[in-house]
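Asks: Protein chains in written order, with this note's numbering: chain A, 21 to 224; chain B, 21 to 224.
Among the hints, a few may not be true.
Identical chains blur together in the list; that is why a pair holds if it fits in one copy or across any two.
What the hints assert, rightly or not - DSS-like mimics (lysine-lysine), calculated; alpha carbons at most 27 Å apart, straight line:
1. LYS126 to LYS220
2. LYS177 to LYS75
3. LYS164 to LYS196
4. LYS60 to LYS218
5. LYS60 to LYS196
6. LYS112 to LYS60
7. LYS61 to LYS215
8. LYS75 to LYS63
9. LYS22 to LYS205
10. LYS22 to LYS75
11. LYS63 to LYS196
12. LYS170 to LYS215
13. LYS205 to LYS51
14. LYS22 to LYS196
15. LYS215 to LYS103
16. LYS205 to LYS126
17. LYS129 to LYS205
18. LYS220 to LYS177
19. LYS208 to LYS196
20. LYS218 to LYS171
21. LYS208 to LYS164
22. LYS171 to LYS76
23. LYS112 to LYS215
24. LYS164 to LYS61
25. LYS76 to LYS129
26. LYS164 to LYS215
27. LYS63 to LYS22
28. LYS220 to LYS171
29. LYS177 to LYS76
30. LYS75 to LYS196
Bear in mind the hints are in silico, worked out from the structure with no lab data behind them. Given the structure is predicted, the values throughout are model-derived calculations rather than measurements.
Protein chains: 2
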Amino acid sequence: MKGNLFIISSPAGGGKTTITNLLLEELPFLKRVVTYTTRKKRKNEIDGVDYVFLKKEEFENLISQDAFLEYALVHGNYYGTPKKEVFQLLEKGFDIILVIDVQGMKQIKQIYPAVITVFILPPSIDDLINRMRLRGESEEEIQKRLDTAKKEIPYWKEYDYIVINDNLLEAKDKIKSVILAERCKSSKFDINIIKDEKLKSLMV
Amino acid sequence: MKGNLFIISSPAGGGKTTITNLLLEELPFLKRVVTYTTRKKRKNEIDGVDYVFLKKEEFENLISQDAFLEYALVHGNYYGTPKKEVFQLLEKGFDIILVIDVQGMKQIKQIYPAVITVFILPPSIDDLINRMRLRGESEEEIQKRLDTAKKEIPYWKEYDYIVINDNLLEAKDKIKSVILAERCKSSKFDINIIKDEKLKSLMV
């Protein structure tokens with residue numbers, strides 16, 4: 021594939037969505053593939069933009085067609101990344117950024133080992149709780165997400181890169197560096213971008 | 021080692037020295053170790069800053085003491101990177117950037133496989149020649165360096181990262197991204213920077 025596939029994971033409230041949106045604004049070659057889900061649409065969310073919202077039967081129909089790069093049942097709702105959109109964009113040379121959880125990362129790594137994975141850590145557990153409260157989540161919801169976070173954080177070692185989000189813009193810039201650096205990997209270098217034939221003949 | 025060791029190589033006139041100086045200004049954690057050489061000091065060069073200028077006997081004495089991470093005889097002059105300075109700074113957590121040629125890169129990679137290597141390519145061979153002329157080098161000198169460049173460019177594949185210097189500041193920013201991204205590698209992550217004990221206990 022010409023482009024790179026990036027996965028961004030973090031506990032709920034860790035900042036993955038905000039950072040990803042900033043990166044998508046700044047990097048024209050970076051694209052997002054909208055996740056399919058069966059969870060209820062929150063106010064301010066737009067169908068087809070934040071998620072593609074599907075009925076359970078529709079989602080399970082797509083599972084049976086092997087249409088997902090990864091999918092999961094989280095807190096009773098399905099979430100899935102459509103395969104076709106990802107591979108089409110990578111083939112065109114775009115980089116793709118996926119915001120998914122640890123289980124999704126593992127599934128994708130098996131199908132597509134070249135994936136580049138980034139885990140965003142909060143500076144502290146209390147900070148994580150505060151951010152969820154600021155987002156207006158119920159205490160019950162917070163407790164549920166915190167339990168998930170505690171199960172996910174130990175998997176940080178399986179990720180390629182770790183970024184602590186104690187400052188949103190600094191954390192964003194670090195992940196931006198990761199994306200830019202990965203584009204400079206010699207293993208990804210496309211010799212056809214060299215216009216000078218003299219130079220090119222030395223490189224093949 | 022706590023810090024990362026970077027090698028920057030490019031054909032003469034490729035921009036490695038200018039870019040490295042810009043990076044050293046911008047990144048406070050990045051240090052350079054001054055190369056030892058027996059070549060004649062050029063006007064504007066300062067002993068101990070641009071190079072440590074030594075007599076041939078002095079240099080060969082250091083070789084016999086195994087004091088170099090790498091050294092080479094290029095166009096009749098010795099160039100070498102002192103081992104002690106590099107390892108002391110890496111141990112303190114600084115990143116080190118070394119401007120050396122392909123042969124030096126190979127030597128260091130054998131001694132220190134964790135080294136991260138960047139090759140800067142010119143946009144064209146003519147561009148390379150022009151830059152050497154602008155630098156005031158004689159046609160004979162240019163031809164000699166061009167022959168070396170033609171021998172070195174085929175080794176680009178052995179480097180971790182490739183950056184084309186068709187725009188100095190953009191090339192510098194790409195290498196800056198590489199340096200920043202490598203600091204985010206989970207394999208380099210120092211859990212002791214986490215202050216929150218609750219979070220830390222989930223990470224070990």
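Asks: Checking each numbered hint in turn, tell me which of them this model violates, lowest number first.
Replies: Checked against the structure, the hints that fail are numbers 2, 3, 4, 5, 6, 7, 10, 11, 15, 21, 27, 29 and 30, while the rest are satisfied.
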